[in-house]
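Asker: Each chain, written out:
Number of protein chains: 2
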Amino acid sequence: MKKPLILVTNDDGITAPGIRTLIDVMKELGDVVVVAPDSPQSGMGHAITINDALYCDPVQLKASEDHQEYSCSGTPADCVKLATQEIMKRKPDLCVSGINHGSNSSINVIYSGTMSAAVEAGTEGIPAIGFSLLDYSLNADFKPTKKFVKAITQKVLEEGLPKGVVLNVNLPKLSEDDIKGVKICRQAKAHWVENFDKRTNPQGRDYYWLTGEFINEDQGEDTDEWALANGYVSVVPVQFDLTAHHVVQDLNSWGLNKVS
Amino acid sequence: MKKPLILVTNDDGITAPGIRTLIDVMKELGDVVVVAPDSPQSGMGHAITINDALYCDPVQLKASEDHQEYSCSGTPADCVKLATQEIMKRKPDLCVSGINHGSNSSINVIYSGTMSAAVEAGTEGIPAIGFSLLDYSLNADFKPTKKFVKAITQKVLEEGLPKGVVLNVNLPKLSEDDIKGVKICRQAKAHWVENFDKRTNPQGRDYYWLTGEFINEDQGEDTDEWALANGYVSVVPVQFDLTAHHVVQDLNSWGLNKVS
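Residue numbers (the working numbering), protein chains in the order written: chain A, 1 to 260; chain B, 1 to 260.
The following block holds chain A by itself, in its conformation from the complex (with noise of 0.2 Å):
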């Protein structure tokens, strides 16, 4: 069999420790490209480059890999597209994303720059996977992580992915012993309240960071939450067709068609 093409990216940047564990994993199953941002891009969504430049410069950042490897001055979707479009010689037959340092879970998949280079590949239909891990320290273990990061791999590029979805995988903060396995979920229903930090800078002017807390709504034992706190890999899969086709229906009575 010919060996998978395989397209790396995060939103950490490409130096953080998360991708590299994904690049030694996607080594073991592929031939590997990486095109990922020079510097972190978390909490940029499904954010693309309209009224800047894109740089996009080969780097070896280890003398002893021998894949090809690009940074990116863009987002992680315009690295996807840069890979896809500019970069890669061929169609790519997998792009995985992460390992991102912290949680995409729940309601945090809509501000994730992991999930977001998934979904632009997964619009290119380019079978997807975001990988993060539930610690956001730069010093996070993602040994643990590998094997799951692999079996989970191994399975889209033996199965592939029904069109217009991507998988969203998140992965508890244990040993891989304790690990218990993996679960197919749903999203939860969860929801942040901001709690912001007002200051004043040495001008006298106030400004804010945004902190908030983090609410789950949602008692099912089928969501992505229950399999985290209950030590099981979550796999949620994703799709961008946003269409509340269960809504149409309902719309349709309102009359809004008379208004001319």
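If a hint is listed, it holds; no wrong ones were tucked in.
A few chain A residues facing chain B, derived, Cβ under 10 Å: (1) Gly45; (2) Ala47; (3) Ile48; (4) Ile50; (5) Tyr55; (6) Glu120; (7) Ile184; (8) Trp192; (9) Val193; (10) Lys198; (11) Asn201; (12) Trp209; (13) Asp250.
Derived lysine-lysine pairs resembling DSS-like cross-links, with alpha carbons at most 25 Å apart: (14) B/Lys146 to A/Lys258; (15) B/Lys147 to A/Lys258; (16) A/Lys180 to A/Lys155; (17) B/Lys198 to A/Lys91.
Beyond 12 Å from chain B on every Cβ pair, some chain A residues (computed): (18) Pro4; (19) Thr15; (20) Pro17; (21) Lys27; (22) Val33; (23) Gln68; (24) Arg90; (25) Ala229.
Simulated from the structure, these hints should not be mistaken for laboratory data.
Since we're looking at a predicted model, the values are computed, not measured.
A virtual CB, placed ideally from N, CA and C, is assigned to each residue, including glycine.
Given the structure of chain A, go ahead and fit chain B onto it with the hints provided.
Answerer: Coordinates of chain B only, in the frame set by chain A:
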């Protein structure tokens, strides 16, 4: 009846003509508070500002205006968070975003700062609508949009919106007489094929401008693209539960639960 409290924001920035039109219409319907970015944020997706301080200052752009306006250094999603947690005395009854200079139909919803503000409000339990006009020009004529923006907003104030759903409204670039009416639609299946414009800077370093071609693969006559191409205002109900529920069953046959 108590006048509804309406939060107005956008992604083109507080000085854009589109938000001025939206403010004018909303003042006919309720009490208005404006919290909008101090500079254009197009293509920002659902970005939030984590690693920078946020400024948010009262401004009065027109001496004749009696409502409150705030100019914010952050993204559209930041504006909504700041408005609801720090600036507004009570939870708004509605959040409207726009009117965007340019389309946010079909797959553009995922890149859209306009829609990210609406989605952010939706996650906080606030009914929300994003409005966009299919005209990128700064001199776009927003007058023909007013009647439709008002009618749709009135309906949402009367009927409310289902939990977890916000509206994505796009308006064709037509005179009021030529707009045929309003259609409830689903998001068309479409994607962008990038066509990077590669240049070399005066120092000899290559850079890229992101350009691309929009490909609508969807021939359905129930899509937003069809409605807009045929002279209708499109209304798509948008959800932020991104779970591809129809895939959960299939993924559960992969045997990933045996990885441990």
